[in-house]
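According to our numbering, the sequence shown is numbered sequentially starting from 233.
Simulated from the structure, these hints should not be mistaken for lab results.
Take the hints with a grain of salt, since some may be wrong.
Here are the simulated distance ranges between beta carbons [as the list claims (entries may be wrong)]:
hint: 1; residue 1: G566; residue 2: A436; range: 18 to 28 Å
hint: 2; residue 1: E450; residue 2: S304; range: 52 to 62 Å
hint: 3; residue 1: M251; residue 2: V513; range: 45 to 55 Å
hint: 4; residue 1: H446; residue 2: H301; range: 29 to 39 Å
hint: 5; residue 1: H446; residue 2: A626; range: 43 to 53 Å
hint: 6; residue 1: W258; residue 2: K536; range: 44 to 54 Å
hint: 7; residue 1: V380; residue 2: A572; range: 42 to 52 Å
Derived pair list, reagent style DSS-like, types lysine-lysine, alpha-carbon separation capped at 27 Å [unchecked claim]:
hint: 8; residue 1: K406; residue 2: K281
hint: 9; residue 1: K532; residue 2: K366
hint: 10; residue 1: K512; residue 2: K281
hint: 11; residue 1: K366; residue 2: K272
hint: 12; residue 1: K289; residue 2: K536
Predicted model, so just to flag it, every value in this text is computed and none were measured.
For glycine and all other residues, C-beta sits at the position ideal for the given N, C-alpha and C.
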Amino acid sequence: MKYSALAYHQLSSYDRLKMDPHALDWEQEPAVYKDYPGKKVLDIPLEVKLEPVSLFKLFQPQEIRAQNHPPSFETLGQLLLLAQMLTGRARHANGEIWFRSIASAGALYPSELYIACSGIAGLAAGIYHYDVSKPALALIRSGNPMPVLDGDKASGTPMLTFLISAIFFRSAWKYRDRAYRYHLLDSGHLLENLLLALRAFSFAYELNIDFDDHQVNEILGVDPRREGCLALVKVPFSSPVSADTVEPLESAEGLSRYSQVAAREEMYDALRIVHQESIKVMSGQECRAGDWVRYGLIDKNSWKSIASPVPANEVYRYPEVLLHRRSKRNFITGEPMSAACLSAIISLVNDGFESCSLAAKGLSCGLLVDNVAEMEPGFYAVKSADRSLALVTAGNFLGHMSHACLDQRWLAQAAIHVLLFADLVEVEKCAGARGYREVMLVAGRLGQRLYLGATVLGLGCCGIGAFYDREASELIGMPDQVSLLYLLAVGQVKKSLHNKTK
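Turn these sequences into a full structure, and let the hints guide you.
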């Protein structure tokens, strides 16, 4: 059996009339922390020494020159904390759960973070796993990984490489075939947090999506049936230690068993096959950007320029905002969202699109506006290239969209819904299933931007990956080849109540 990206997305789509009943097997609830018993552990202090900075300033496109000196272990620890940290806990029928600075569907947290290092002050060469629960680094393979990992010799051997993977059963336990979507969205959340941390410390980085999956998974020692690497981030330093003076990488024997997170894990064919298809490296052919005029939804003269973002009141600054990020659902109607807040939110998406790669150019953004000052309710197209908006259809859509989102009525109380789409026919043509992997990662990155941006503005935000797919697209008239990937609701929330989080 072979799936294209579009075929997988259609197969994993929800249909109101064809939903299979599914009860969670609580005896096989997956562990949300990965542990390497018996491995050397280095504790990370719970302290970040960073001057507060405007999140919106940090998110703006910027050119950073590589630092002359590699980070110390202390700085590396701070980068890891900023990428992902525990921020609060809640109790449920089967125990308690800790929430994190990144969003995750069902609070299942499929993503793992590793470090490949050729040696820095306070940290010997090796492969390390970041345990967010302690927090700590576990040395899982000693020796220099760079001769194997760094395929681009022209760029020089990097000092550090961050590797983000997904453990498949964590999300599949609840979401079954649809879980691969959440693996990618959730890994995108973590990836954006990591890149934001690197920018905050003025580290240059190279994001690599087109790596050799087999080689990287072997280096990490994961079981490729259960876990797979999805993104690499290289921090390009020259090692102060000659590679000849560092021991070669030790064996990965025995490491693969730690990719198993439940006693009995069901393997879903659709998930397994689409991931296998996505292993093929992308061709590099450029995708056409999403084109609302070509889709027949608007006239070419419909676009109106968006005013430059007006400085809005920032309730939190970075990095404090990470501690307050939650998926907030207790939206309230009444006072409309200000034009300044909407402009700031749109700028987050626009600036994020500027960093998109070839496959992700098939991505496009729309807005469902319900309660925004001086703005007519309706469905709007967003064109990031020249920062403009176009009204596609006037009207109140949020109530209908909440119905299409598995009847989650609280969604109708938000001020806006941010919709992220992709022309999966175009993505498939230019990059195959690998392009689907990338476009979903980018959607997750944009989602994390919106979570943090809304928090800074004192607003609530909640991402939705569960909806009746065709019903949601037909509601706003999207053509068949364009699929909704992610919906994020943003609006005023009740400040005095404990917000439901994930």
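These are the hints, each one checked on the structure:
no.: 1; hint: G566 / A436: 18 to 28 Å; verdict: 45 Å, violated
no.: 2; hint: E450 / S304: 52 to 62 Å; verdict: 29 Å, violated
no.: 3; hint: M251 / V513: 45 to 55 Å; verdict: 36 Å, violated
no.: 4; hint: H446 / H301: 29 to 39 Å; verdict: 34 Å, holds
no.: 5; hint: H446 / A626: 43 to 53 Å; verdict: 51 Å, holds
no.: 6; hint: W258 / K536: 44 to 54 Å; verdict: 52 Å, holds
no.: 7; hint: V380 / A572: 42 to 52 Å; verdict: 50 Å, holds
no.: 8; hint: K406 / K281; verdict: 38 Å, violated
no.: 9; hint: K532 / K366; verdict: 54 Å, violated
no.: 10; hint: K512 / K281; verdict: 41 Å, violated
no.: 11; hint: K366 / K272; verdict: 13 Å, holds
no.: 12; hint: K289 / K536; verdict: 25 Å, holds
Checked against the numbered hints above, the structure breaks hints 1, 2, 3, 8, 9 and 10 and satisfies the rest.
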